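Chemist: Line by line, the protein sequences are chains G and C.
For the first sequence, my numbering begins at 2 and goes up steadily by one.
For the second sequence, my numbering begins at 13 and goes up steadily by one.
Worth flagging that the hints you see were computed from the coordinates, not collected in a lab.
Some hints could be false.
[What the hints assert, rightly or not] Rough simulated footprint, nothing fancy, chain C against chain G, three-plus residues with beta-carbon under 8 Å: (1) 36–42; (2) 46–57.
[To be verified] So these bits of chain C aren't anywhere near chain G, every CB distance computed over 10 Å: (3) G54; (4) T83; (5) S122; (6) D126; (7) D148; (8) R162; (9) D165; (10) R166; (11) K186; (12) K201; (13) G202; (14) M204; (15) L205; (16) I213; (17) Q230; (18) L262.
Note that the structure is predicted; figures quoted are calculated from it, not measured.
By construction, the Cβ of each residue, glycine as well, lies at the ideal position given by its N, Cα and C atoms.
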Amino acid sequence: MRFLEFFRNNRKTTATVAKERLQIIVARERTTRNGPDYLPLMKEELLLVVRKYIQVEEGAVTIQLDKEGDCEVLELNITLPDAPTAS
Amino acid sequence: MAEVIVITSGKGGVGKTTTSAAIGTGLAMRGYKTVVIDFDVGLRNLDLIMGCERRVVYDFVNVIRNEANLTQSLIRDKRVDNLFILPASQTRDKDTLDIEGVERVINQLSETFDYIVCDSPAGIERGAFMAMYFADQAVVVTNPEVSSVRDSDRILGLLASKTKRAEEEREPVKEHLLLTRYEPSRVEKGEMLSVEDVKEILAIPLLGVIPESREVLQASNAGSPIILASESDAGQAYEDAVSRLLGEDLVHRFVEVEKKGFFNRFRLFRS
Ligand SMILES: Nc1ncnc2c1ncn2[C@@H]1O[C@H](COP(=O)(O)OP(=O)(O)OP(=O)(O)O)[C@@H](O)[C@H]1O
Ligand SMILES: [Mg+2]
Chain G
2 MRFLEFFRNN RKTTATVAKE RLQIIVARER TTRNGPDYLP LMKEELLLVV RKYIQVEEGA
62 VTIQLDKEGD CEVLELNITL PDAPTAS
Chain C
13 MAEVIVITSG KGGVGKTTTS AAIGTGLAMR GYKTVVIDFD VGLRNLDLIM GCERRVVYDF
73 VNVIRNEANL TQSLIRDKRV DNLFILPASQ TRDKDTLDIE GVERVINQLS ETFDYIVCDS
133 PAGIERGAFM AMYFADQAVV VTNPEVSSVR DSDRILGLLA SKTKRAEEER EPVKEHLLLT
193 RYEPSRVEKG EMLSVEDVKE ILAIPLLGVI PESREVLQAS NAGSPIILAS ESDAGQAYED
253 AVSRLLGEDL VHRFVEVEKK GFFNRFRLFR S
């Protein structure tokens, strides 16, 4: 069976793939979990804007909503690449 | 004061009703006065799984609307003492449950019962929210499958923020992972997420692992909670889960492939 051969050759089982995918998506969803519904979309759009100017990676923008007493703090973190690309 | 336990999952069809019936029955068999409430408004099913569908007269919504009192609506189980069922309404209007009404019923049940088991509907909408709002403990039913695990994680988020305990900043809802429909042979082949994988991702204590079992369908055919099939793997696994819920520390069974090889049989003869 070609299907089986595929997995033997790659040695990575579908369960391993499932676990890795879950770890990534769950970690991502947790960062915006307790915030308002618009947070995930806002994050995606911010990433698009940032990318218009700087070549950053997928995970380069993180958003965190914290409570400090009565104050809600929206923390936006953009990790810039090491060497700025010339242009 | 009763302990309120919600059986929840996010994803549909993972085994919430099967689990509610089993755990409710298990608690009652240990002598605790227990009521299982069906929160799945519009899609009443707990009555069928528990084999009391023909005895339903009034339901949860009738009680909330004061059209019937609790004594009239609670169905006493014929097999197990101390076990009662409060069936869901079959109305199509899902907004008939209101939080004050639910609170009133739960408070009233709380006076005479030890455990209130809430069978949540699927989804993360109103019905699921109502079922979890008053919970002291939550059993998160999860299948070893990507979408179920992801949905369970979302439910954990809601338990931590949208429940009464969370809103009042009291001690958080006690969370338990119940992994159901588990197939050790497929896990061994790398075709299915393992107990360890799911535990690592969801990071909550493991209440039990219920194996995939043909007997579950047979139990539901007969309207008899699977925990009453005491010779079946799934029934025994639910027994263990109930024991753990009550604080016992047991090793997890049915997580490894049963080896029926020559040496095992040989050893059986020797000892
Ligand atoms: N351990 C198991 N082994 C085999 N089949 C199972 C097991 N647990 C549940 N099932 C089957 O899975 C199906 C769904 O179960 P159940 O109705 O309990 O899920 P549910 O989460 O309550 O669904 P819903 O979201 O629609 O309320 C049923 O057909 C049931 O018999
Ligand atoms: Mg159900």
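Chemist: For every hint, state whether the structure bears it out.
Modeler: These are the hints, each one checked on the structure:
Only residues whose C-beta sits within less than 8 Å of a C-beta in chain C count toward coverage, and the region 36–42 of chain G has 0 of them, not enough to reach three; the restraint is violated. With a threshold of 8 Å between beta carbons, the proposed coverage of the region 46–57 of chain G by chain C is violated, since 0 of its residues qualify and at least three are required. No beta-carbon of chain G is positioned within 10 Å of the beta-carbon of G54(C); the least distance is around 25 Å. Its beta-carbon lying about 41 Å from the closest one in chain G, T83(C) satisfies the requirement of being farther than 10 Å from that chain.
Here S122(C) stays apart from chain G, with its beta-carbon at least about 29 Å from theirs, past the 10 Å limit. The Cβ of D126(C) sits about 33 Å from the closest Cβ of chain G, beyond the 10 Å cut-off, so the non-interface label holds. No beta-carbon of chain G comes within 10 Å of the beta-carbon of D148(C); the shortest separation is about 21 Å. At roughly 6 Å, the least C-beta separation between R162(C) and chain G is not larger than 10 Å, which violates its mark as non-interface.
At roughly 5 Å from the closest C-beta of chain G, the C-beta of D165(C) falls inside 10 Å, breaking its exclusion from the interface. For R166(C), the shortest C-beta to C-beta distance to chain G comes to about 7 Å, within the 10 Å cut-off, and the non-interface label is violated. Distance check on K186(C): its Cβ is at least 19 Å (rounded) from any Cβ of chain G, clearing the 10 Å threshold; non-interface status holds. Not every CB of chain G lies more than 10 Å from the CB of K201(C), the least distance being 8 Å, so the non-interface label is violated.
Consistency note on G202(C): stated as away from chain G, yet its beta-carbon is not over 10 Å from all of that chain's, at 3 Å minimum. The claim that M204(C) lies off the interface is violated: its Cβ sits roughly 6 Å from the closest Cβ of chain G, which falls inside the 10 Å cut-off. Annotated as non-interface, L205(C) brings its C-beta within 10 Å of a C-beta of chain G; the closest such distance is 5 Å. Residue placement check: I213(C) does not keep its beta carbon more than 10 Å from all beta carbons of chain G (closest about 5 Å).
No beta-carbon of chain G is positioned within 10 Å of the beta-carbon of Q230(C); the least distance is around 29 Å. At roughly 26 Å, the least C-beta separation between L262(C) and chain G is larger than 10 Å, which holds for a residue marked as non-interface.
Violated hints for the displayed structure, listed by number in ascending order: 1, 2, 8, 9, 10, 12, 13, 14, 15 and 16.
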